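**Student:** Read off the chains here:
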Amino acid sequence: MAVSEIVGVPIEVLLVEDSLGDVRLTQEAFRDANSNVRIHVAHDGVEAMAFLRRDGAFSAAPRPDLILLDLNLPKMDGREVLACIKGDESLKLIPTIILTTSDSEADIVRSYELQANCYLSKPVQLDGFESLVKSINDFWLTKAKLPQQPPIA
Amino acid sequence: MRMRTLRADTRTPHLADADTVATKSANLSPVSGRFLSQGRFAGFLLAGVGAVGRCIASALAFATSLNARTPLVFVAAALIVLFVGGFSYRVVDEAGKSDALVRHSHRVLQNIEHLRLAAVSIESNSRAYIITGEPAYDEARRAVIAGMQRDLATLRERTIDNAAQQRRLPALERLLAERVQLSDTAIAVWRSAGFSAAVNATRAERNFALGAELDTVSRTMRNEELRLLALRADDSKRRVEQARMTVIFAALLAALIAAAAGWRVYRDSSQRRAAERDLRLSEDQYQALVQGVEDHAILMLDPTGVIVSWNTGAERMTGSRAEDVVGKNVSIFSLPEDRRSGAAANILRLATANGSHQVQGVRMRRNGTLFHVSSTFSAVRDAKGGLRGFSVISRDLSASAEAGAKYRGLLEAAPDAMVVVNQSGQIILLNVQAEKQFGYRRDELVGQPVTNIIPEGFAERLIADGVRSAADALAQQIGTGIELIALRKDGSEFPIEMMLSPLESPDGVLVTAAIRNISVRKAAEKVLAQMEGRYRGLLEAAPDAMVVVDQFGEIVLLNVQAEKQFGYRRDELLGQNVKNIIPQGFAERLVADGLRSAAEALAQQIGTGIELTALRKDGSKFPIELMLSPLDGPEGVLVTAAIRNISIRKNAERHIAQMEGRYRGLLEAAPDAMVVVNQAGEIVLLNLQAEKQFGYSRNELLGQKVTNIIPDGFAERLVADGLRSAEEALAQQIGMGIELIALRKDGSEFPIELMLSPLGGAEGILVTTAIRDITARKMAEAQLLQNVEELNRSNEELGQFAYIASHDLQEPLRMVASYTRLLSRRYKGRLDAQADEFIDFAEDGANRMQRLIQDLLAYSRIGTRGEERREISSELALGHALMNLRGAIEESGAIVTHDPLPLILGDETQLIQLFQNLVANAIKYQGPGVPKIHVSAVLDGAKKWVFSVNDNGLGIDAQYFEKIFGMFQRLHRREEFDGTGIGLAICKKIVERHGGAITVESQAGHGSTFRFVLTAA
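Sequence lines, in order, name chains A and B. Each step along the first sequence adds one to the number in the working numbering, with nothing skipped, and position 92 is 92. Each number in the working numbering comes from the position in the second sequence (counting from 1) with 10000 added on.
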């Protein structure tokens, strides 16, 4: 069922992004788009994986409904993260959207090869960006049916 | 007389028996028996002697066949011996016969006796048997009876020829039978009646009487036989005596005859021996005589002509020793032609026929030299006239002072017809050849006037007339070959050449004429004359001047061309020395000097074209080329000279020489190294530059292989191989600048460029090579390449840089732009007016920067992200662009039209960009009214399309036509028109990347037309 149909349950979104400015913009954009969305931020790939696996400090982390993944990350690159997520039985079901400034064909292809669910280029303009986020919300969090979350192991 | 063979007849056993009986009854005729046998032997011996004697006689007869009498005598002797032998044989035979008869009688007597005894024996045996009773006596009796029967039969047989005896036989038989019967009876009586009865039977008177009768008969027979015997014995004796006498006589006779024959033979042989001795003696004397003769050859031949004896004189005359010639035919000394014709055999035949024959003739020694002989051949016969052989006495006439005979020999031997004529013109001598030539026999010509055979021209010449003596007249003719006509016997004529020579003779001066039939020669001369005629014709027709010159340099023949060339008339030149027309160089060449013969001198000139200067009649000179060839003439070797006027050629040669000079000059002056190479790859010419370039001196390079200075790539290119000729090989290279490596003398290499061009030379095609040292160029090229590479690299780097820069700049810019926007949105109106303004400016700046960077990125991508040009529809590209601009088009209400647009080669994305920018610009910079934009394309040439984008916008001032295509160039303030000013720069870059150019045609206020060229597909 659409996550938004579940009333009262916040939508967990993991944003993997190293640029604080971008993080803020994304947060602001989602706030406008859907107030029910709770954004979790991982600033690099390692953190992202730790969050997903609920390692260490993230032992209580919720399982995200959606992952927004930037490609150019320090420590562990976004492509690696993608590969890890999609390689992990318990994680691969989570829709993972690449959200990056790059629009190079190579990156696009690579991402889809690694089983990214979607590839989105960040528009340069704010309006465009906000519109994109709205679209994400519209599509992925409203219209698209997402798999039920398995019980917490 | 054959030996008597023992015949197997009925007599033989008798003879044998008789022999044994004879020896047993030795008393009867021992002497006659032995003699008889001996007589037979003697008979054989006689016959044998006779035979042998006759053999000897016939042998002797043969040996002394000359004596005819002896055979006759001997035949008589033989006959006598034969007769005597036969007679004595008969006598002996008779003796033998009578002897046989004697023996026969003896046997008969014996038989009779046997029978008488047999009768007695029978009786006694039967008596004994009766008395004793012993069977043995009976058996004996029976045996005797059997024997008696046998004897009877024998007796009968033996006395078959005696009738008297035969008559008595039956009585005997009867009596004997009675005796047997009596004994049988007695025995029978004894057997039956016993002994005493038998005794009684045997005592009978008959018994006794029988015995007496038997005795009587047997005695009678015996007597008869004895009487016969006596007769026969007498006869036999008589005959034996006869035989003895005969044998003795015969033997004596035979001995006598043999003695006579022997004596005869002896006499004959001793006679012969004596004769032989005499003969040998006389022969020796003869030989001595013959040998002693030294000046005459005396030889003996056998009937076939084979040399049997040879004397010293012969040896001297011929030079051959006896041992070399004895056994060979005398014809070995004949001349070959005589040998062929069998002359020697002829002579022998003549000698045989006539007894002797004398000949004179020429003979040939074994060493081949000739000698003249007078020979007498005499047939030698034996006493009976049979040919024993020939004797030959020869006198050598060569040494003889007899000129006539010697001469005659020579004459005969001469190959030509020889006629000797006296001063009156009479033929006194001729040879066999003359006979043949003229068809006369010798005797038909001797004594005849010579005009019979040579009508004219000979006799006249001989006449001693008032003007000259015979000797003078003759002297004039001596040695000259006079050609005349001769007349054969059959009236036919033939040409002759006569050679005269004088001959002293006792009768005055004679003239010997050697006459040669020159018909053949005349014919040959005619042919020659014909050929000469033809040759003359050829000469006249020849295109070149032809002059025939003799060994002395005199012109003997010339043709019309020669007349023309030299400007003389023919008769002005004939006989003249060739020096008149060719002053130097010709006549000298022909001279036979001490170093070489005329033929050799000539041979040197044959075939070579000799260049000389000729002299015309008018004194002008002109260059000529001579070609000589020899011509055999009767008067010696002539030289035919073909003379060609080579003035033109000389001029040409001069020109060529000049040009060559100029060429050489050019070559020397050329700035590049010039090397001329022949087909073999050898350097035949080079200039100063070449010397400098390669560091060699001229002489070091001339003749060298060009591979010494250009190791690879040049020589190979010139090779005429199976695929192409030299010209073709060369043609391939002409005009091409070939880059190769050259090699200096010091071994250093340097790059060169070759330019080849052919040069026809006398010895084939030469190749002129211009060699340019392209070291500098190469370096420049290398530099250029390097620069280009660097440029490319830097461009690439720039491209990358542009990309990276713009890309990396995007991020922070995005932040700035985004947050200023947020700020603007959230806080506009919440802060003071200044803050609003500040935020506006910040936002604006950020936005602009973003757009700039995007444009920059786009611009940089044109080079870096361009695709391969391929065939694309410009119409479709335009459509795409319009799609992208639909918003702007709708908004502005612009009307965009286009003509059918072609297929072009290009990058689709970029083409879309191009159209997009131009159309966008047209919309943006619209004038009043609805923007109208039209796109069209026009074909320019075969490969170019000129596109036009025409609008009715604001237009552009001419001064800005260049500027607007610059980067970030704007003509309007930002407030007026938005934009970064990169649009047209991008268009320009795109068009340039497609190999075209973009221009604008515009007028301020009247719209603009942008034109650009693209390549047709």
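Honestly, the hints are just simulated from the structure, not real lab data. This structure is a prediction, so every number in the text was calculated from the model and none was measured. Where is the CB? At the ideal position from N, CA and C, for every residue including glycine. Some hints could be false.
[Unchecked claim] In silico contact screen, one side only, chain B against chain A (beta carbon under 10 Å); selected entries:
(1) Arg10825
(2) Asn10847
(3) Ile10853
(4) Met10883
**Student:** Now look at each hint and say whether the structure bears it out.
**Tutor:** Outcome of the hint check:
Annotation: Arg10825 of chain B was flagged as interfacial toward chain A, and the flag holds, the nearest CB pair being 8 Å apart, inside 10 Å. With a cut of 10 Å, the hint placing Asn10847 of chain B at the interface with chain A holds, because the nearest CB-to-CB distance is about 8 Å. The beta carbon of Ile10853 of chain B is positioned within 10 Å of a beta carbon in chain A (closest approach about 9 Å), and the interface hint is therefore held. Below 10 Å, beta-carbon pairs count as interface contacts, and Met10883 of chain B has none with chain A, the closest being about 20 Å; its hint is therefore violated.
Hint 4 from the earlier list is the only one contradicted by this structure; the remaining hints agree with it.
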